[in-house]
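Q: Residue numbers (the numbering used here), protein chains in the order written: chain A, 23 to 368; chain B, 23 to 368.
Don't read these hints as lab results, they were simulated from the structure. Beta carbons: idealized from backbone N, C-alpha and C, even for Gly. Careful: at least some of the hints might be erroneous.
Unchecked claim - Examples of chain A residues lying across from chain B (beta carbon under 8 Å, computed): (1) ASN78; (2) GLN196; (3) ASP253; (4) TYR254; (5) ALA257; (6) LEU260; (7) LEU322; (8) LYS336; (9) ALA345; (10) PHE352; (11) GLN353; (12) TYR359.
Chain by chain, the residues run as shown.
There are 2 protein chains.
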Amino acid sequence: MNNKNIEEWIRKKQERRSRSTPDKLFSGIQSGDLAALSAGITLIESQLAEHRELANELIQKCLPFSGHSMRIGITGVPGVGKSTFIEHFGGLFSDDSHRVAVLAVDPSSAVSRGSILGDKTRMNELAVNVNVFIRPSPAGDTLGGVARKTRESIILCEAAGYSTILVETVGVGQSEVMVKSMVDFFLLLMLSGAGDELQGIKKGIMEMADALVITKADGDNMKRAEIAARDYKNALHLFPPNANDWIPRVFTCSALTGVNMDEALETIRSFENHVKVNGHFEQNRREQDKRWLSETLKELILSGFFADESLIEKLKINEQRVADGEISSFQAAEELYEAYQHERRI
Amino acid sequence: MNNKNIEEWIRKKQERRSRSTPDKLFSGIQSGDLAALSAGITLIESQLAEHRELANELIQKCLPFSGHSMRIGITGVPGVGKSTFIEHFGGLFSDDSHRVAVLAVDPSSAVSRGSILGDKTRMNELAVNVNVFIRPSPAGDTLGGVARKTRESIILCEAAGYSTILVETVGVGQSEVMVKSMVDFFLLLMLSGAGDELQGIKKGIMEMADALVITKADGDNMKRAEIAARDYKNALHLFPPNANDWIPRVFTCSALTGVNMDEALETIRSFENHVKVNGHFEQNRREQDKRWLSETLKELILSGFFADESLIEKLKINEQRVADGEISSFQAAEELYEAYQHERRI
């Protein structure tokens, strides 16, 4: 290469690099450039330390423009029809002045590399809707990491002007507790059936729901779905009230026939009005922020122990000693803490 | 003092001290000496570091003789009639070969210095029953500390031969999650009424119960209690099943008339048989031990941050900055973690 070529090469390289600086990404995101939004989320999802710094910078820039959306969590066991529901639901919410972002939290994606939203073909209509942005669950990480990335992605989507954020998750593990703590409204999809439909749902999830929707209320299933809805409605009033004073709604719907899909929309509008009037909307978000601060901080501090393989080895040994009745769990914890402090002093 | 007096004084002092050595306490506890059991629990409750060591030694000695009891958690909002229920219930369980220990977990006792079981006169009959040991909630500590002390007290009571341990708590906060994680059976007492009886109960507690008992089913209240019991029974089968395959029982009772108090006894006997046959009894205890190890270890590690006043000050500042939308909660956590690491390096 001669000097001129080298200069040209450096110029191009700098240009390529500057295209992905937080500044460039931020202005792209604000102007509605989907490639910039995608690149920004990819930056958030990166494991590299230098990317982490850039991502933090980008989030800082987006932060003042975030928050102005309705964040909706949607959960249900596999087979309940989440994709079909979101396909219709997202369509109802979106028009040229109301754009919808669909994100996913899937802890199993660490293994399967994304089992939900991984295949965009499952949402044919939404995928081609220009007012809808779909992003599959980030893979290969801990649940805490996935949650953090999703929460930061919400900030970016809001800065990009999306007014409704749908966060999809699978109702079988810890992930919905995470999702509940990052959304304004939590919707649980359920199947009607012979009673065994609950096997997949974790205890405590029903109590977190702001709306309980019995899906696939069509054809032969319609009557059964109505009976299930009535039973749940009767049951829910026996349970302790929500902090936000909202009485969870229960209804059936069919994404196939479109019956009652508007009820879901109306429910969320009513809820939004309810919690914005009584102040719980803001209060809930403040509490969520505080909780995320505390959770992240604890995770960082604990990583000093849980990222150390020799300490993890000692933990397993002590777990066995406790199981064998050799030492109490408190004594075992104290021994491990001493080992941890010793390790840090070296 | 002359030499002889000094020698005498030292001898007496040593004798006093040896009386409360772990060895002495342990043999006292095993021989059914109530004073030794009380002194042992007092040692567990002490905040002094040297007492902590002695307490650990005592627990180590008791550990091989612990575990052979049915641990029962009892909760319910103030006014539900916990004391009256336990008074009758404890009486039913105890005879010369079945001794009952009643302990309490009360997080509010840090302020009120023991609002439950604090006044033994509330349990007149139990207090004079020679087969029953009653110990009020330890006061002036964190919830984690109170829970630890209660769990260690259970070990001492079991080593002392108590075959039923009742752990009482108030159903309004975090304490019942703690209690649930240290007992084999969890019983929730509820009032029937005009619907507002749930105001005091925290969400999620009903789902943790192995039995739900509607109290004060006597006089004018009887019919209302029966209706409430039927409603709850219908509702509970709509909720996800327990890991132990046990279907929670719902019934009314009256400690006043004694009606159905035997049902409570029979329920626990059935439960014990059910979970001992299907292996969940042992499995649950192993999981509880593992969880306590992990919780205690985390608490110890985190105390490096949360016991440092200057870091707590910084935490408060950053919480405000997050609330003001200045920085993201993740950024705030990272800053605090850096401050924590810096502090440790000094």
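Q: All the hints need checking, so say for each whether the structure fits it.
A: Do the hints match the structure? See the list:
For ASN78/A, the suggested interface contact is upheld, since its CB lies about 6 Å from the closest CB of chain B, less than 8 Å. Look at GLN196/A: its Cβ only gets to about 14 Å from chain B, farther than 8 Å, so that hint breaks. The restraint placing ASP253/A at the interface with chain B holds, with a minimum CB-CB distance near 6 Å, inside the 8 Å limit. Annotation: interface hint on TYR254/A holds; nearest CB of chain B at approximately 6 Å, less than 8 Å.
Annotation: interface hint on ALA257/A holds; nearest CB of chain B at approximately 4 Å, less than 8 Å. With a least beta-carbon distance of about 5 Å to chain B, the hint placing LEU260/A at the interface is held under the 8 Å criterion. Given the 8 Å rule on beta carbons, the hint for LEU322/A holds: about 4 Å separates it from the nearest Cβ of chain B. A hinted interface residue such as LYS336/A counts as satisfied when its beta carbon comes closer than 8 Å to some beta carbon of chain B; here the least separation is about 10 Å, so the hint is violated.
Look at ALA345/A: its Cβ gets to within about 6 Å of chain B, closer than 8 Å, so that hint holds up. Interface restraint check for PHE352/A: the shortest CB-CB distance to chain B comes to about 5 Å, inside 8 Å, so the restraint holds. Given the 8 Å rule on beta carbons, the hint for GLN353/A holds: about 6 Å separates it from the nearest Cβ of chain B. Among the interface hints, the one on TYR359/A holds; its C-beta lies about 4 Å from the nearest C-beta in chain B, closer than the 8 Å criterion.
When held up to the earlier numbered hints, the structure conflicts with 2 and 8 and fits the remainder.
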